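Chain residues, written in single-letter form:
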Amino acid sequence: MAFENEQIAGIARLARLGLRESELTAYNRDLSRILEMIEAIRGVDAATIEPLAHPLEISARLRADKITETDQRDKFLAIAPSTSAGYYLVPKVIE
Amino acid sequence: MRQGQWETVIGLEIHVQLATRSKLFSGAPTAFGAEPNVQACAIDLGLPGVLPTINGEAVKMAVKFGLAAGATIARHSVFARKNYFYPDLPKGYQISQYELPIVSGGGIEIELDDGARKRINLIRAHLEEDAGKSVHDAFQAMSGIDLNRAGTPLIEIVTAPDLRSAREAVACMRKVHTLIRYLGISDGNMQEGSFRCDANVSLRPAGSTTLGTRTETKNLNSFRFTELAIEHEIERQRELLEVGQAITQETRLYDPERNETRPMRSKEEANDYRYFPDPDLLPLELDPETIETIRRDLPELPDARCGRFLRDYGLSPADSQQLAGARELADYFEAAVAAASGEAKLAANWIMGELTAALNRNNLGIGQCPIDAARLAGLILRIRDRTITGKAGKEVFDAMWESDLEADAIIESRGLRQVTDTGEIAAMVAETVAANPAQAEQYRNSPAEKRVKLIGYFVGQVMKKSRGKADPQQVNDLLRSLLEK
Amino acid sequence: MHRTSLKSLSDLLQRREISSQELTRFFLERTERFNPGINAFITLTGEHALKEARAADHRLQHGEAGPLTGIPIAHKDIFCTEGIRTTCASRMLDNFTAPYDATVVARLKDAGMVMIGKTNMDEFAMGSSTENSFYGPARNPWDESRVPGGSSGGSAAAIAAGMVPAATGTDTGGSIRQPAALCGITGLKPSYGRVSRYGMIAFASSLDQGGPMTRSAEDAAMILNAICGLDARDSTSAPQPGEDFTRDLDRDLSGIRIGLPREFFDARLDPAIGGLIMDAVRELERSGATLVDIDLPNTALAIPVYYVVAMAECSSNLSRYDGVRFGYRCENPADLMDLYCRSRGEGFGDEVKRRIMVGAYVLSAGYYDAYYLQAQKVRRLIRDDYRQAFAKVDVIAGPTTPSTAFRLHEKTDNPISMYLSDIYTVAVNLAGLPAISIPAGFLNRLPIGLQLIGDYFAESRLLNVAHRYQLATDWHRAAPETYA
Numbered sequence: 000m001a002f003e004n005e006q007i008a009g010i011a012r013l014a015r016l017g018l019r020e021s022e023l024t025a026y027n028r029d030l031s032r033i034l035e036m037i038e039a040i041r042g043v044d045a046a047t048i049e050p051l052a053h054p055l056e057i058s059a060r061l062r063a064d065k066i067t068e069t070d071q072r073d074k075f076l077a078i079a080p081s082t083s084a085g086y087y088l089v090p091k092v093i094e
Numbered sequence: 000m001r002q003g004q005w006e007t008v009i010g011l012e013i014h015v016q017l018a019t020r021s022k023l024f025s026g027a028p029t030a031f032g033a034e035p036n037v038q039a040c041a042i043d044l045g046l047p048g049v050l051p052t053i054n055g056e057a058v059k060m061a062v063k064f065g066l067a068a069g070a071t072i073a074r075h076s077v078f079a080r081k082n083y084f085y086p087d088l089p090k091g092y093q094i095s096q097y098e099l100p101i102v103s104g105g106g107i108e109i110e111l112d113d114g115a116r117k118r119i120n121l122i123r124a125h126l127e128e129d130a131g132k133s134v135h136d137a138f139q140a141m142s143g144i145d146l147n148r149a150g151t152p153l154i155e156i157v158t159a160p161d162l163r164s165a166r167e168a169v170a171c172m173r174k175v176h177t178l179i180r181y182l183g184i185s186d187g188n189m190q191e192g193s194f195r196c197d198a199n200v201s202l203r204p205a206g207s208t209t210l211g212t213r214t215e216t217k218n219l220n221s222f223r224f225t226e227l228a229i230e231h232e233i234e235r236q237r238e239l240l241e242v243g244q245a246i247t248q249e250t251r252l253y254d255p256e257r258n259e260t261r262p263m264r265s266k267e268e269a270n271d272y273r274y275f276p277d278p279d280l281l282p283l284e285l286d287p288e289t290i291e292t293i294r295r296d297l298p299e300l301p302d303a304r305c306g307r308f309l310r311d312y313g314l315s316p317a318d319s320q321q322l323a324g325a326r327e328l329a330d331y332f333e334a335a336v337a338a339a340s341g342e343a344k345l346a347a348n349w350i351m352g353e354l355t356a357a358l359n360r361n362n363l364g365i366g367q368c369p370i371d372a373a374r375l376a377g378l379i380l381r382i383r384d385r386t387i388t389g390k391a392g393k394e395v396f397d398a399m400w401e402s403d404l405e406a407d408a409i410i411e412s413r414g415l416r417q418v419t420d421t422g423e424i425a426a427m428v429a430e431t432v433a434a435n436p437a438q439a440e441q442y443r444n445s446p447a448e449k450r451v452k453l454i455g456y457f458v459g460q461v462m463k464k465s466r467g468k469a470d471p472q473q474v475n476d477l478l479r480s481l482l483e484k
Numbered sequence: 000m001h002r003t004s005l006k007s008l009s010d011l012l013q014r015r016e017i018s019s020q021e022l023t024r025f026f027l028e029r030t031e032r033f034n035p036g037i038n039a040f041i042t043l044t045g046e047h048a049l050k051e052a053r054a055a056d057h058r059l060q061h062g063e064a065g066p067l068t069g070i071p072i073a074h075k076d077i078f079c080t081e082g083i084r085t086t087c088a089s090r091m092l093d094n095f096t097a098p099y100d101a102t103v104v105a106r107l108k109d110a111g112m113v114m115i116g117k118t119n120m121d122e123f124a125m126g127s128s129t130e131n132s133f134y135g136p137a138r139n140p141w142d143e144s145r146v147p148g149g150s151s152g153g154s155a156a157a158i159a160a161g162m163v164p165a166a167t168g169t170d171t172g173g174s175i176r177q178p179a180a181l182c183g184i185t186g187l188k189p190s191y192g193r194v195s196r197y198g199m200i201a202f203a204s205s206l207d208q209g210g211p212m213t214r215s216a217e218d219a220a221m222i223l224n225a226i227c228g229l230d231a232r233d234s235t236s237a238p239q240p241g242e243d244f245t246r247d248l249d250r251d252l253s254g255i256r257i258g259l260p261r262e263f264f265d266a267r268l269d270p271a272i273g274g275l276i277m278d279a280v281r282e283l284e285r286s287g288a289t290l291v292d293i294d295l296p297n298t299a300l301a302i303p304v305y306y307v308v309a310m311a312e313c314s315s316n317l318s319r320y321d322g323v324r325f326g327y328r329c330e331n332p333a334d335l336m337d338l339y340c341r342s343r344g345e346g347f348g349d350e351v352k353r354r355i356m357v358g359a360y361v362l363s364a365g366y367y368d369a370y371y372l373q374a375q376k377v378r379r380l381i382r383d384d385y386r387q388a389f390a391k392v393d394v395i396a397g398p399t400t401p402s403t404a405f406r407l408h409e410k411t412d413n414p415i416s417m418y419l420s421d422i423y424t425v426a427v428n429l430a431g432l433p434a435i436s437i438p439a440g441f442l443n444r445l446p447i448g449l450q451l452i453g454d455y456f457a458e459s460r461l462l463n464v465a466h467r468y469q470l471a472t473d474w475h476r477a478a479p480e481t482y483a
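Protein sequence lines correspond, in order, to chains A, B and C.
As numbered in numbering that gives the first Met the number 0, residues 0 to 94 make up the first sequence, in order.
As numbered in numbering that gives the first Met the number 0, residues 0 to 484 make up the second sequence, in order.
As numbered in numbering that gives the first Met the number 0, residues 0 to 483 make up the third sequence, in order.
Simulated from the structure, these hints should not be mistaken for lab results.
Only a predicted model underlies this, so the values are computations on that prediction, with no experimental measurement involved.
For each residue, glycine too, the CB sits at the ideal point set by N, CA and C.
Among the hints, a few may not be true.
Here are some, though not all, of the chain A residues that point toward chain B, as calculated from beta-carbon distances under 10 Å [what the hints assert, rightly or not]:
(1) LEU34
(2) MET36
(3) GLU38
(4) ARG41
(5) ALA45
(6) THR47
(7) PRO50
(8) ILE57
(9) ARG60
(10) ALA63
(11) LYS65
(12) GLN71
(13) PHE75
(14) ILE78
(15) LEU88
(16) VAL92
Excised from the complex, chain A in its bound form:
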């Protein structure tokens, strides 16, 4: 399994991870090693096996429709990097 550095940059962008150009080769090497290790599962004949998403095969519990949370906005805003007038701020979003 070998990547082009361009692919590595594409994956980083999908995951919103800013990598420097100079880092791409090292990431490429490590990701290729990991993918190579993972390749081992592709040879397993598991076509008829049900995927197991969760170790406990039990079903979801449902919660009653009750309001249990109180307003803690000030507490939450206090740990945010940038806020104003009760809003979280980000660089202007163009829709």
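Given the structure of chain A, go ahead and fit chains B and C onto it with the hints provided.
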């Protein structure tokens, strides 16, 4: 290719906000209009370490919709994560359903402009959480993020590409709107964003069976805008196709001020959502008994009710449809009929006439009507037994609107009881004819078809004299015999 | 005092022979003395601890104390603690203070335990050496040139150096058991769902499980008693009835069948470690257990399956760190994309970024079926191996790690060599089973761990076997000279 040779193909994705008290995965309130971020708890904000728990009422509401649409309810459905980055999406993924939605199949019927009915198939309806909102104009070079709406439960209803025009699309949207309000699973408030839709529109040469390239127009939050946006999009695509240009598959946004659609900047990059089962949530299992219990508790649905109004009350198709179109209105109508000894036609006329007009004037819904069905029935009964005339009825209605008084009390206190004494009416008729000799003469010299209009003048005069209390039919008969003597 | 069992500390406190404040001061002093060399703690909470100790003493005086009231504990810095910063050893959360307690923290607080600090770890629990920490590596008290294992290396090292009698850890692929083995302590990874994950910062949700790190199985049972049980805030917490895990500790082992998987004792295992593990297993045989050879045929697939599942889940779990609502935000972002890419690029360390990228890749269009879905299928095969094994045996025994503690930087150049430290531990997480690592001897003066794996929710049985072993041996009482 000439105009008219294109067939329009439309599929809708309708987002319905469920009327739960708390959010889909947290115990924060869902009420509309709060100060920014006061209804966003740690779970809605996606703070580190917090976990989602499923609101059982939202699940029940989704099942209700599925049952009402004749769909299959999944015994086993799975919440999946849809991964993408956006500031109004706190966790970097939306919890939705992907491969195994709770509702699949089913359909609804719409009425076309020519009165024919058409079935629109549904592909699926799934549960998902809503995102927050971005505010763009309030801050210099920045956008503000309000996460109150984040985590609000939605069902996304996906129709098959069965719709062939903007009119059909809107009829479909309206039908779903009626249905979800009947079921009581959403307030359907479009101004508040509780009911909105995305429209997938494509064109193909008439007769073709393959689908053309589609665009998705997002966030249509009124019936009118949906119709305009789709019409605009059809026209835009037609113009491109007719000069041989290809349609770009893209997400577009409707601008109601300019009545046009434009590509969404934020969706320019093709998204790879990397759906996978949410490992924080276990599969949703519904046993047949639970589903049956919900089915038993379903209210009578709009189509069935409309049919019953037609059949049992002898109403016209148009009246039946209007009255059955909203559950509260239909309930009001039936309560009034029951209290008015089955006087369905009078009840229908009064409700769709005076009552609706008064509600509209005062900007009220039927739920806030100051005259309840029993009081209205009191009025209808007095009209039916001819205690008062229809004209006096309007005065009684107005008085009831302004007070808590029953119709009988108003009739008595205002002396509106219809005059049925033939002698008294005959005297008024004679006086009126004597006071208008010229008109009487004209009447006698006119052909039959003109007399209808002329006699109306005399009836009006007599009714005025009786202060509306005379029986108009009786007045008519007496006038006729006097004038034609 | 720093080698005293929780039960004895509890007795001393109950009898008022020592106060919680005295005990707390004692451990705080040891921590101040030894932590600079070991770097087991990211945050020390001395003042907070003394306040909690005062409250504990009040409870003790008024007969409102439980068995753990007044005993100091350290929490892995992955558990959210209200009002005290929780970093996950990441620059991303260097400034993060949660407005809530994790359920584990809240339950131990209710039990009256005194938190003396937050322990070092691999960033977001991704690693097996505690070298992937924004706050520098922790060191192994048995040899400071070596790693304590990871990711709960700070907790393990703090106990081994006698800085604290007990700590919490989390185990996604061995992160409690492997550092316990390398530091010569006891570490229990409970069954998936036994302990609430609420407030425990997620690495891989279907694998993560919090648990106790202690000096003995008996101590672990006492902590597990306090932290286990259904939590309405964690949809994956199991509705298992509570039990007293200390009740069956002494039970005789006769009739217990212990399975030895051939795949754990093959050529990949250092023969010297294999020999020590066999000695330990024979000790159990002497205590009445029967040894049975078993097969876990899909063992070799556990590492690749584990890394696909763990990386896929982490890539999504770590999307919330975007510099908007909390945590690290880059300076002067040019636009939204820049805000995301630089905040995450600068806030996360290399190993975290590698895993997020591999995770995004295996979930992406065109690769999902080949990697993620295939891994879920093979995950079932691995789980079924264990199910079949537990039809024949009560407990499975083997080594916890393929080697003793390695030197710092020994495995940092190639991530795969680091991943292979987990070959005996990851399958347990894929299957969701409980497992414990207990000290079972020394190789070249470095501790080795015996891993015991139990059937679903059979922690009582596991602790019973571990406790009987500890009654018969003294390995768990050994202490590194400097900290003895």
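Now for the hints, and whether the structure bears them out:
1. LEU34: violated, 16 Å
2. MET36: This interface hint is violated because 21 Å lies over the 10 Å limit.
3. GLU38: Given a least distance of 20 Å, the restraint on A/GLU38 is violated.
4. ARG41: violated, 18 Å
5. ALA45: It is violated, given that the least Cβ distance between A/ALA45 and chain B is near 17 Å, above 10 Å.
6. THR47: violated, 18 Å
7. PRO50: holds, 8 Å
8. ILE57: A/ILE57 check passes; min Cβ-Cβ to chain B is 6 Å, inside 10 Å.
9. ARG60: Hint holds; A/ARG60 Cβ to chain B Cβ min 7 Å, cut 10 Å.
10. ALA63: It holds, given that the least Cβ distance between A/ALA63 and chain B is near 6 Å, below 10 Å.
11. LYS65: holds, 6 Å
12. GLN71: Because about 7 Å separates A/GLN71 from the closest Cβ in chain B, which is inside the 10 Å limit, the hint holds.
13. PHE75: It holds, given that the least Cβ distance between A/PHE75 and chain B is near 6 Å, below 10 Å.
14. ILE78: holds, 8 Å
15. LEU88: With a minimum Cβ separation of about 5 Å from chain B (threshold 10 Å), the hint on A/LEU88 holds.
16. VAL92: A/VAL92 check passes; min Cβ-Cβ to chain B is 4 Å, inside 10 Å.
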